[in-house]
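Model the full assembly from the supplied sequences, consistent with the hints where possible.
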Amino acid sequence: MTPLNYILAVQAADPEVIDRIPSGYSHFVIPFTIGITFFLCWIGVGCVRLLAAIPRTDRLRFWKSLFIPKNIVKNLKDLFGDCLFHVKIWQRKPLLGYMHSAIAFGWFMIILLGHIEVALFVPARLNVTRGGLFYPIFYRYFVWMNPGHTTLRGSFFFFLMDFFLLYILTGIALAVFKRFRSIVLGMRHTTKPSLADRIALYSLWMIFPMRLLAESFTADLSGGSFLTVGVNHLWHFLFGEKLLFTPFWWAYSICLGLFFVAMPFSRYMHILTEVLWILLRNAGIKPHHPRKGVAEAEIYACSSCGLCLDACPMNVQKKNLKYSSVYFIRFLRRHNEKKINAIADKCLMCDKCHALCPVGVDAPALRRAQRITVNNSLPYEYSYLALAGTAGAAAGLRPYSAAAERGWTRPGPDSCPADTVVPEVLYFAGCMTHLTPRIIKAVEKVFKAAGVDYAFADREGGICCGRPLMLAGKTEAAAKVIEANKRMIEESGCKTLVLSCPICYKVFKEEYHFEGIKVVHYTQFINDLIASGKLQVSKSDEKIVYHDPCELGRGSNVYIEPRAALDKVGTLVKAAKEYDESVCCGGSLGSLTLDNRDRAKITEASLDNLLVNDPDTIVTACPLCLKTFSETVSNSKHLLTDVKVKDFAEMI
Amino acid sequence: MVDFGFGLVPSSRMNLDLFDKDKYEKLAAIEPDVRICMACGSCTAVCTAGKYSQTSLREAIEDIKNAKPDKALEMLRCCQLCGKCSMVCPRGINTRNLILSITKVYSSK
Numbered sequence: 000m001t002p003l004n005y006i007l008a009v010q011a012a013d014p015e016v017i018d019r020i021p022s023g024y025s026h027f028v029i030p031f032t033i034g035i036t037f038f039l040c041w042i043g044v045g046c047v048r049l050l051a052a053i054p055r056t057d058r059l060r061f062w063k064s065l066f067i068p069k070n071i072v073k074n075l076k077d078l079f080g081d082c083l084f085h086v087k088i089w090q091r092k093p094l095l096g097y098m099h100s101a102i103a104f105g106w107f108m109i110i111l112l113g114h115i116e117v118a119l120f121v122p123a124r125l126n127v128t129r130g131g132l133f134y135p136i137f138y139r140y141f142v143w144m145n146p147g148h149t150t151l152r153g154s155f156f157f158f159l160m161d162f163f164l165l166y167i168l169t170g171i172a173l174a175v176f177k178r179f180r181s182i183v184l185g186m187r188h189t190t191k192p193s194l195a196d197r198i199a200l201y202s203l204w205m206i207f208p209m210r211l212l213a214e215s216f217t218a219d220l221s222g223g224s225f226l227t228v229g230v231n232h233l234w235h236f237l238f239g240e241k242l243l244f245t246p247f248w249w250a251y252s253i254c255l256g257l258f259f260v261a262m263p264f265s266r267y268m269h270i271l272t273e274v275l276w277i278l279l280r281n282a283g284i285k286p287h288h289p290r291k292g293v294a295e296a297e298i299y300a301c302s303s304c305g306l307c308l309d310a311c312p313m314n315v316q317k318k319n320l321k322y323s324s325v326y327f328i329r330f331l332r333r334h335n336e337k338k339i340n341a342i343a344d345k346c347l348m349c350d351k352c353h354a355l356c357p358v359g360v361d362a363p364a365l366r367r368a369q370r371i372t373v374n375n376s377l378p379y380e381y382s383y384l385a386l387a388g389t390a391g392a393a394a395g396l397r398p399y400s401a402a403a404e405r406g407w408t409r410p411g412p413d414s415c416p417a418d419t420v421v422p423e424v425l426y427f428a429g430c431m432t433h434l435t436p437r438i439i440k441a442v443e444k445v446f447k448a449a450g451v452d453y454a455f456a457d458r459e460g461g462i463c464c465g466r467p468l469m470l471a472g473k474t475e476a477a478a479k480v481i482e483a484n485k486r487m488i489e490e491s492g493c494k495t496l497v498l499s500c501p502i503c504y505k506v507f508k509e510e511y512h513f514e515g516i517k518v519v520h521y522t523q524f525i526n527d528l529i530a531s532g533k534l535q536v537s538k539s540d541e542k543i544v545y546h547d548p549c550e551l552g553r554g555s556n557v558y559i560e561p562r563a564a565l566d567k568v569g570t571l572v573k574a575a576k577e578y579d580e581s582v583c584c585g586g587s588l589g590s591l592t593l594d595n596r597d598r599a600k601i602t603e604a605s606l607d608n609l610l611v612n613d614p615d616t617i618v619t620a621c622p623l624c625l626k627t628f629s630e631t632v633s634n635s636k637h638l639l640t641d642v643k644v645k646d647f648a649e650m651i
Numbered sequence: 000m001v002d003f004g005f006g007l008v009p010s011s012r013m014n015l016d017l018f019d020k021d022k023y024e025k026l027a028a029i030e031p032d033v034r035i036c037m038a039c040g041s042c043t044a045v046c047t048a049g050k051y052s053q054t055s056l057r058e059a060i061e062d063i064k065n066a067k068p069d070k071a072l073e074m075l076r077c078c079q080l081c082g083k084c085s086m087v088c089p090r091g092i093n094t095r096n097l098i099l100s101i102t103k104v105y106s107s108k
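Protein sequences appear in the order of chains B and V. Per numbering that gives the first Met the number 0, residue 0 is the first one in the first sequence, and the count goes up by one each step. Per numbering that gives the first Met the number 0, residue 0 is the first one in the second sequence, and the count goes up by one each step.
Check each hint, because a few of them may be wrong.
[As the list claims (entries may be wrong)] Which chain V residues stay away from chain B? Per the calculated CB distances, all over 12 Å, these:
1) PHE18
2) THR43
3) LYS67
[Unchecked claim] DSS-like mimics (lysine-lysine), calculated; alpha carbons at most 30 Å apart, straight line:
4) LYS25/V to LYS317/B
5) LYS479/B to LYS70/V
6) LYS191/B to LYS600/B
7) LYS191/B to LYS291/B
8) LYS318/B to LYS22/V
9) LYS67/V to LYS479/B
10) LYS321/B to LYS22/V
11) LYS485/B to LYS50/V
12) LYS600/B to LYS494/B
13) LYS533/B to LYS517/B
14) LYS479/B to LYS517/B
15) LYS76/B to LYS576/B
16) LYS50/V to LYS508/B
17) LYS321/B to LYS25/V
18) LYS103/V to LYS338/B
19) LYS25/V to LYS338/B
20) LYS479/B to LYS103/V
21) LYS22/V to LYS337/B
22) LYS337/B to LYS103/V
23) LYS508/B to LYS76/B
Hints listed in this document are in silico derivations from the structure and should not be mistaken for laboratory results. Note that beta-carbon positions come from the ideal geometry of N, C-alpha and C, so glycine has one too.
Shown next, in the form of structure tokens:
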């Protein structure tokens with residue numbers, strides 16, 4: 000142990016901070032230095048590998064995005080908001096948000112302030128060759144505060160350091176508490192940590208109490224503020240004048256070293272990978288492979304926090320917990336091919352885990368990418384789409400050339416197929432709507448009431464929109480279907496395409512890339528009709544609860560329009576969870592392997608969620624949700640309720 | 000030649016000795032629902048692809064049981080996986096996964 004030099008000449012002219020240990024080195028820094036060196040090498044190599052795996056065009060786009068002013072602002076906002084303050088968690092679960100931001104922001108500030116302190120008082124030590132790697136971390140050990148010369152500046156830093164240490168310690172206390180009673184912090188289920196997670200977790204928990212111990216033991220030499228000096232007095236009271244402090248600095252260093260060695264193999268890798276992922280995400284780069292490139296950044300950005308566990312609609316049954324996104328990402332990380340596929344196929348693709356993820360990890364997209372690796376190569380035969388030369392024929396239309404020949408069925412007295420006027424509005428019902436003809440009837444009734452000049456594209460039956468194929472990972476086949484539909488719709492010459500199925504809506508909006516054709520969902524279209532006065536509606540006192548279909552709400556961000564319209568015909572009541580937290584109806588086409596019984600459980604949970612405020616009617620805007628709900632409501636024995644299930648258009 | 004509307008019909012003979020039990024068990028392991036089909040044909044009735052092509056899940060399942068896997072694959076290759084069949088199936092069969100699984104299992108030689 001270094002002999003303590005208590006009898007230093009004290010003069011006001013002396014510098015504020017004196018090197019207590021002129022060499023600026025002590026053996027206890029070794030564990031930390033090894034840990035951080037290993038970690039920095041690992042992350043350096045990882046970053047290069049990751050960026051190398053991204054396709055060249057995407058990589059260029061990424062570099063460019065770093066210099067676009069608009070993007071820079073968004074990056075900074077997201078980095079501070081998501082990585083440091085965890086705004087998204089604050090908004091949903093304040094206590095959890097406090098816990099995360101205490102640890103993340105507090106630690107960041109301590110590291111930052113530590114470096115600023117060194118830069119101000121002993122700037123030479125920032126040099127890597129003179130211990131710059133560890134010196135700022137263990138700054139308090141190496142210096143001696145000149146009690147004859149304390150400045151406001153010095154005390155200010157002392158206060159800040161103590162303040163943030165206390166802030167972190169409260170966060171850690173909550174984190175420890177969360178291990179035992181997570182529900183208090185708003186989480187029903189938490190992730191089961193792996194071995195590396197546990198090592199990193201326990202060392203992380205120990206880092207800050209150890210820091211408090213170490214700094215408080217040296218506080219009479221190196222200075223401190225309310226916390227460290229206060230605790231220091233306690234130690235003096237207990238152990239007498241001379242304190243043996245080196246063991247605590249060793250313990251602090253070992254905790255740090257252990258944490259950094261375990262970090263790359265644990266969930267805590269997200270602390271830094273999150274930054275890279277946010278930059279990639281904001282550059283608009285999408286994963287092409289479930290494991291390489293961008294996907295890798297996403298996988299390592301997952302903090303395994305387990306918020307997706309409570310979010311997942313499948314988890315109404317405990318046995319399905321293992322299919323949650325957090326475990327999917329864990330197995331992707333471990334290359335556990337068998338489990339990856341099983342999990343990827345189970346998902347309903349309701350996108351709730353993505354919407355709720357604090358760092359925006361798009362696990363459903365990774366699952367789809369995984370399905371592509373398995374299913375895209377399966378044989379298919381779609382030559383029939385081009386029956387009689389054009390896709391229009393396949394879509395139940397005459398092979399085409401002019402609008403006159405097309406045989407659009409027009410409503411009203413002038414329902415003459417030879418009408419040469421190109422329809423302004425084209426209505427495409429889609430497969431699912433054809434299974435629920437009540438929607439078609441209601442939509443046509445509304446259109447007629449509002450005097451919309453429309454044509455019905457697939458009255459005689461059309462082909463699929465391609466979304467189900469994409470969800471199943473057969474993207475090549477989907478491209479064929481999309482191409483056929485696109486041709487049919489572009490040839491129609493319409494200006495607006497109205498869809499009554501959110502599944503179609505999402506794919507038409509995102510994959511078809513129409514030029515000059517506006518794609519709208521019928522909720523938006525009808526809401527516009529009401530707003531512009533073309534459609535008259537009367538308000539009743541019926542209590543309505545609106546169910547956000549996954550593909551419409553989270554998938555396409557349409558939440559306001561259906562509610563605005565429904566508010567004019569009845570009284571909207573709230574569901575327990577709505578908007579981006581709404582619960583999937585269980586009928587989703589996203590899942591490949593989820594069986595009927597499990598789906599029924601989800602439907603019941605979803606209904607319970609909708610029925611909390613005792614509505615008269617459940618309204619949804621998706622044929623799939625409508626069918627699932629109405630079947631369950633009519634069959635179910637335990638739901639002793641006479642609630643009706645209606646489609647949006649039926650309601651209007 | 001004058002077309003009288005007659006032709007040679009391909010043999011519809013079944014040879015159940017050719018039934019590949021291993022593959023069927025493999026399929027049933029992936030998607031056990033294949034066993035509960037009662038061949039009602041609802042899936043075929045609503046099929047989107049069936050309107051334009053010979054597509055029938057019911058027939059595909061029958062073909063597999065009748066030791067004609069190639070014909071089964073032919074019955075499913077036009078499928079668009081739209082999922083209408085799963086919505087109407089009275090037995091609640093997970094049809095989309097069944098179709099994918101049949102293709103996976105029987106496409107591999």
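Hint-by-hint comparison with the structure:
1. Every CB of chain B is more than 12 Å from the CB of PHE18/V (nearest about 22 Å), matching its label as outside the interface.
2. Consistency note on THR43/V: stated as away from chain B, and its beta-carbon is indeed over 12 Å from all of that chain's, at 14 Å minimum.
3. Taking the minimum C-beta to C-beta distance to chain B, about 17 Å, the non-interface status of LYS67/V holds against the 12 Å cut.
4. About 27 Å separates the Cα atoms of LYS25/V and LYS317/B, which keeps this hinted pair within 30 Å; it holds.
5. A threshold of 30 Å between alpha carbons decides the hint, and for LYS479/B with LYS70/V the separation of about 23 Å falls inside it, so the pair holds.
6. Our distance criterion of 30 Å between C-alpha atoms is met by LYS191/B and LYS600/B, whose separation comes to about 24 Å.
7. At roughly 25 Å between alpha-carbon atoms, LYS191/B and LYS291/B fall within 30 Å of each other, so this suggested pair holds.
8. For the hint pairing LYS318/B with LYS22/V, the CA-to-CA distance comes to about 28 Å; that is within 30 Å, so the pair holds.
9. In summary, the hint linking LYS67/V to LYS479/B is supported, as the alpha carbons are separated by about 28 Å, within the 30 Å threshold.
10. Proposed proximity of LYS321/B and LYS22/V is supported: the alpha carbons are some 28 Å apart, at most 30 Å.
11. Restraint check for LYS485/B and LYS50/V: the C-alpha separation of about 19 Å stays at or below 30 Å, so the hint holds.
12. Between LYS600/B and LYS494/B the alpha-carbon distance is near 42 Å, which puts this suggested pair outside the 30 Å criterion.
13. A threshold of 30 Å between alpha carbons decides the hint, and for LYS533/B with LYS517/B the separation of about 19 Å falls inside it, so the pair holds.
14. Proximity of LYS479/B to LYS517/B is assessed by CA-CA distance (about 22 Å); at most 30 Å being required, the pair is judged to hold.
15. Proximity of LYS76/B to LYS576/B is assessed by CA-CA distance (about 28 Å); at most 30 Å being required, the pair is judged to hold.
16. In summary, the hint linking LYS50/V to LYS508/B is supported, as the alpha carbons are separated by about 26 Å, within the 30 Å threshold.
17. For the proposed pair LYS321/B and LYS25/V, the alpha carbon gap of about 24 Å is at most 30 Å, so the pair holds.
18. Between LYS103/V and LYS338/B, the direct Cα distance comes to roughly 18 Å. Compliance with the 30 Å bound is thereby established for this hinted pair.
19. A distance of roughly 18 Å separates the Cα atoms of LYS25/V and LYS338/B; the hinted pair therefore holds under the 30 Å criterion.
20. A C-alpha spacing of about 21 Å is found between LYS479/B and LYS103/V, which places the hinted pair at or below 30 Å, so the restraint holds.
21. For the hint linking LYS22/V to LYS337/B, the alpha-carbon distance of about 19 Å falls within 30 Å, and the restraint holds.
22. Straight-line distance between C-alpha atoms of LYS337/B and LYS103/V comes to about 16 Å, which keeps the hinted pair within the 30 Å bound.
23. Of the pairs offered as hints, the one joining LYS508/B and LYS76/B holds, with about 28 Å between alpha carbons and a cut-off of 30 Å not exceeded.
Of the numbered hints stated above, the single one contradicted by the structure is hint 12.
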